[in-house]
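J.: Sequence:
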Amino acid sequence: MKRFIIWFLQTMVLFSLGVWAPAMAAGTDQTHLSKIVKTKQTLLIKATARNDMILPAKMALISAYEATLEDIQERAHQLRFLIAVSESNPFEVSMYFKQAAELRDEYVKETRAIRGLALEIQITLGIIEASREDLRFIAQTAVSTEQKQDALSLLNALDRLEAGQMKIKQTLDGVLARSDEAGKK
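Those letters in the sequence shown? Residues 1 to 185, by the working numbering.
To be clear, the hints were calculated from the coordinates, so they are not data collected in a lab. Among the clues, some could well be false.
Label pairs and their in silico Cβ distance ranges [stated by the list, open to error]:
1) 79 <-> 160: 26 to 34 Å
2) 52 <-> 79: 21 to 29 Å
3) 136 <-> 59: 24 to 32 Å
4) 50 <-> 149: 20 to 28 Å
5) 141 <-> 115: 37 to 45 Å
6) 104 <-> 49: 34 to 42 Å
7) 119 <-> 159: 18 to 26 Å
8) 140 <-> 74: 55 to 63 Å
9) 74 <-> 141: 55 to 63 Å
10) 60 <-> 97: 32 to 40 Å
11) 144 <-> 171: 38 to 46 Å
12) 159 <-> 42: 24 to 32 Å
13) 159 <-> 106: 35 to 43 Å
14) 132 <-> 100: 43 to 51 Å
Model, not experiment: these values are computed from the prediction. All C-beta atoms, glycine included, are put in the ideal place defined by N, C-alpha and C.
Work out the full structure: start from the sequences and follow the hints.
T.: Now the structure itself:
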């Protein structure tokens, strides 16, 4: 439950970072642009701090999934062997098939959770890109150098946030590739 609450809060912050401010960007009034920059700055600081805080938890979740995947593969291999060996005893075979079904259900449950994390990261990266476009627009239309500098500094902060998300995404892509390969077996 905590994982979903954390995901919801992060999504809301990043959604606000990427969607709420562009909706406000219709006006080109410099005061309005300044407010947008300040709003994005605040949201970006919160999102970055939150990302830094939950990065170890996400990496631990990915590592736990890798360990679970290896365990499931080992147990599946054992079950294949046991089913082949005990073909003459229908009771044992049915018991092993029941264990195999439970193992498949566990695999599906764990994979669904990790794919949810991958979707969350994909959404976050999309919001980061939309925010980057907004900040580039602000940097181009801003009259004061202070607003331009603020927008450019936020672009750098967005790059750092994106780098953190990409680190998780690369690890996750490798794990999902191994998971897909294991699912085919």
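J.: If a hint holds in the structure, say so; if it does not, say that too.
T.: So, going through the hints one by one against the coordinates:
Roughly 46 Å separates the CB atoms of residue 79 and residue 160, a value that falls outside the hinted 26 to 34 Å. Look at residue 52 against residue 79: about 42 Å separates their beta carbons, and that is not inside 21 to 29 Å. One distance hint, 24 to 32 Å for the beta-carbon pair residue 136 and residue 59, holds here, with the actual separation near 31 Å. Residue 50 and residue 149 have their C-beta atoms about 25 Å apart, which keeps the hinted 20 to 28 Å range intact.
The supplied range of 37 to 45 Å is met by residue 141 and residue 115, whose beta-carbon atoms lie about 39 Å from each other. Here the CB-CB span from residue 104 to residue 49 is close to 40 Å, well matched to the stated 34 to 42 Å. Between residue 119 and residue 159 the Cβ separation comes to about 22 Å, which falls inside the hinted range of 18 to 26 Å. Separation of residue 140 from residue 74 is about 56 Å and conforms to the stated range, judged on CB atoms against 55 to 63 Å.
About 59 Å separates the C-beta atoms of residue 74 and residue 141, a value consistent with the hinted range of 55 to 63 Å. Between residue 60 and residue 97 the beta carbon distance is about 33 Å. The supplied range of 32 to 40 Å therefore holds. Under the hint 38 to 46 Å, the C-beta atoms of residue 144 and residue 171, about 41 Å apart, fit the expected range. Checking the proposed 24 to 32 Å range against residue 159 and residue 42 shows it is violated: the Cβ atoms sit about 18 Å from each other.
Between residue 159 and residue 106 the C-beta distance comes to about 39 Å, which sits within the given range of 35 to 43 Å. Evaluation of the 43 to 51 Å hint for residue 132 and residue 100 yields a pass: the beta carbon distance comes to about 47 Å.
The structure fails to meet hints 1, 2, 12 from the earlier list, while all remaining hints are met.
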